[in-house]
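Colleague: So the chains spell out like this:
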Amino acid sequence: MIDLGNLTIEKAHASFKKGEFTCRELAEAYLKVIKEKNPEIHAYLEIYSDVLVQADEAQKKFKKGNATLMTGIPLAIKDNLLFEGHIASSGSKILEKYVATYNATAIKKLKDAGVVIIGRTNMDEFAMGVSTENSAYGVTKNPYDTTRVPGGSSGGSTTAVASNMALVALGTDTGGSCRQPASFCGVVGLKPTYGSVSRHGLTAMGSSLDVIGAIGKNISDVQTVFDFIKGKDNMDSTSISSDFYKKNIIQKPVIGIPRDFTKEGDDRVLANFKEVIKKIKALGYTVKDIELPNVKYTVPAYYIVTPAEISANLARFDGMRYGFSPESRNLVEVYTKSRGEGFGREVRRRILLGTYVLSHGYQDAYYNKANAVRRLIVDDYNKAFKKVDLILTPTTTGPAFKIGEKVNDPVKMYLEDIFTGPANMTGLPAISIPSGFVEEEGKHLPLGIQFIASHGREDLLFAVGKKFEAQN
Amino acid sequence: MNIKDVENLAELARIDLTEGEKLSLLKDFDSILAYVKQIEEVKVGETKREDELHNVWREDVLAPREFSRELILKQFPDSQDGFLKVKKIL
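First to last, the protein sequences are chains L and G.
Counted the way the UniProt record's numbering counts, the first sequence spans residues 1 to 472.
Counted the way the UniProt record's numbering counts, the second sequence spans residues 1 to 90.
The shape of chain L in the complex, shown without the other chains (with noise of 0.2 Å):
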C-alpha cells in the first residue's frame, strides 16, 4: 500500500527511482481512492480513459533515462484548461461536449515532463463563484464537512488533492480560486505573478486577472509544479520570463500586516490570525504594520473590472463554433438561444453587469474610474513593498460556509474576495498555506493564510512559507 497521504513529489520520485512502485501502481492506487470518493465529494468531471496509458509511458522516460521530477506523477487538471483531445468545458453547458484542439501551454510542458492528468476537476462555471456551486455540473462538497462548499473556483482541484484523488492540481485563479478553496480544504494554493505563466490554453474569464496557479499537499510540491509551468510565451504576450523583474538578495524578509484590513475577518479568523504572527515573529522575522488605504476599494473595482473583460471574452460562446447550439430559426436566434441556455445564471449575470458598465453613459462612471481606483491599489502596495518584503492576512474571513448559504445573494458571495482579490487587481503573486482548524458542529474546519509579495518573488513566497510550514 501506498501511503498517499503523506506522499510528496520528491518521494513519489524517489520511489519511481528505487522501483518501490511503478507510474501505473501509483496511479492505481489514486483511480482506486477516486472511485470510493468521488461519486460523494464530485472532485471530477470526468477521469480520462487514457490515464494508464499515459502512466505507462511515464515509466518509459525512467528506462530511457530522461524521466524528470515530474514524471509520473499523478496530477488533476481544472475544467478550464486544454488538454488537446480532452473535454474542457469550464464548467458550462455551453462548453458540454467542446473537445479541446489544442494543448494550453501549461499543460503542454507538464505533459513534455510526463506527468500523468488523471481527469478534469469541478469549477464554477467559466470560474465565476467562490462556492463551486456556480458549475452546470453540480456542487462539489468539502472533503471535511459534506454539507460545506470547497470553495471555488477551483474547489474540484483542491477537494482532489487534500482527498488523496491526485498528488498534486492545476487551478486558475482571477481573484482567489486557488486561494480560497486551498484555504477552505486545507491545502496550500499559489497565485503566481500576472504573466509569470502563460495563459495560453486557459479559457479567459478576466484577461488582466486570470493566471494558472498550482494546488498541493505542501509548498514544496506547489513550487515544484510553478517551476515546471512558468516562463515566456509567444502565445501570450502578456507571458513573461522569470529574470523579468529584478530580485534583490533578501537575507531576512520583513513582514507587513495591513492591521486596519484584517479586521474583516470572522473572531476566529482573527484569533487564529494573531497565533500566526505570534509565530512568525518566533521565527525570528520582523513584522511590521502597514497601510493600504484603498484596498477596501478593490472589491467592488473588481466587480465592474472583471464583468466587463468577461462580457469582452464570452462574446465567442454564440453557438457557432464550440458544440452547443439549440434548433433556432434564424441566425440571431442561434445567438441569443445558445447564450440564454447555455450560459448559467452567474454567468448571464456578469456578462449583463459587464455590458452595462461598458456601454455608452456609464463607462466613465464605472468601468473607467474602477481602473484608474485599481491604480491607486498599484500605488498602495508599490508603497508598502518599499517598507516590507511580504504582506501577511488571513485568506478568507471565515471557515468553509454552508451550501446553499450564500447562493441568493451575490454581493455576499463577492465579498469571499476580499483579501484575495487584491493580489489579482495588482498581478502580485500570492500563496494560501494552512494555519489551523475551527471546530464548527463537531467538524474540524481549515483556516488559511495568505502571504503576498511583489511581483515576480514567489521565492520569497517559498522560503518564508516553508519556514510557517514546518513549524505549523
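No wet-lab data here; the hints were simulated from the structure.
Check the hints yourself; a few may be wrong.
Simulated pairs of lysine-lysine, DSS-like, Cα-Cα distance not exceeding 30 Å [what the hints assert, rightly or not]: (1) G:22 with L:406; (2) G:74 with L:93; (3) G:22 with L:369; (4) G:87 with L:337; (5) G:27 with L:337; (6) G:27 with L:406; (7) L:412 with G:4; (8) G:87 with L:93; (9) G:74 with L:111; (10) L:296 with G:43; (11) L:337 with G:88; (12) G:37 with L:412; (13) L:383 with G:43; (14) L:93 with G:4; (15) L:97 with G:22; (16) G:27 with L:93; (17) L:387 with G:43; (18) L:337 with G:85; (19) G:74 with L:97; (20) G:37 with L:406; (21) G:22 with L:93.
Quick list of the computed label-pair ranges, beta carbon to beta carbon [stated by the list, open to error]: (22) G:90 with L:315: 21 to 27 Å; (23) G:83 with L:242: 38 to 44 Å; (24) L:271 with G:31: 27 to 33 Å.
On a predicted model such as this, the values are computed, not experimentally measured, just so you know.
C-beta atoms are modelled at their ideal positions from N, C-alpha and C, and glycine is treated no differently.
Since chain L is already given, all that's left is putting chain G on it; use the hints.
Modeller: Chain G in isolation, oriented as in the chain L frame:
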C-alpha cells in the same frame, strides 16, 4: 435601472431571458450596483499612467502551426465541405 434597461442589456449581449429572470436580475443588479458604487467616493485626481504597459510585437511572418483541422471541424454544430455552416444571413 429598470426592466427596460435589463431587456436592452440582454439584447446587446444576445442572451434570451425569461420574464421571471428579468425581474430577479433587476433585483440583483440593484444590490450589486449599490455595492460597487462606493468607488464614487474615491478621489482619483490625476493618476499617472506609468508606463508598465507596452505593446508586444512580432514579425509578420508565416510559420506552421500544428492544429488538427479535423478536430476543429468536429466541434462545429454544423459544417459543409470543411466550412462552418451558419444560418442564412440575408
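Colleague: Sort out whether residue 22 of chain G lies within 30 Å of residue 97 of chain L, counting only the CA atoms.
Modeller: holds, 29 Å
Colleague: Falls inside 27 to 33 Å, the C-beta gap from residue 271 of chain L to residue 31 of chain G?
Modeller: Roughly 31 Å apart at Cβ, these two residues keep to the hinted range, so it holds.
Colleague: Does the structure keep residue 93 of chain L and residue 4 of chain G at a Cα separation of 30 Å or less?
Modeller: holds, 28 Å
Colleague: Given the hint that residue 27 of chain G pairs with residue 337 of chain L, test it: the Cα-Cα distance must not exceed 30 Å.
Modeller: Between residue 27 of chain G and residue 337 of chain L the Cα gap is close to 23 Å, so the pair holds against 30 Å.
Colleague: Please verify whether residue 74 of chain G and residue 111 of chain L have alpha carbons no more than 30 Å apart.
Modeller: holds, 24 Å
Colleague: Has the given pair, residue 296 of chain L with residue 43 of chain G, been kept, meaning a C-alpha gap of at most 30 Å?
Modeller: holds, 14 Å
Colleague: Tell me if the straight-line CA distance from residue 74 of chain G to residue 97 of chain L falls inside 30 Å.
Modeller: holds, 10 Å
Colleague: Straight-line Cα separation of residue 387 of chain L and residue 43 of chain G no greater than 30 Å?
Modeller: holds, 25 Å
Colleague: For the pair supplied as a hint, residue 27 of chain G and residue 406 of chain L, is the alpha-carbon distance within the 30 Å limit?
Modeller: Answer holds: residue 27 of chain G to residue 406 of chain L is near 16 Å, not above 30 Å.
Colleague: Please test the hint of 38 to 44 Å on the beta carbon pair from residue 83 of chain G and residue 242 of chain L.
Modeller: The hint (38 to 44 Å, Cβ to Cβ) holds, given that residue 83 of chain G and residue 242 of chain L are roughly 43 Å apart.
Colleague: A range of 21 to 27 Å was offered for this pair. Does it hold for the Cβ distance of residue 90 of chain G and residue 315 of chain L?
Modeller: At 22 Å between Cβs, range holds.
Colleague: Against the 30 Å threshold, does the CA-CA distance of residue 37 of chain G and residue 412 of chain L hold or violate the hint?
Modeller: holds, 16 Å
When the structure is compared with the earlier hints, no violation turns up for any of them.
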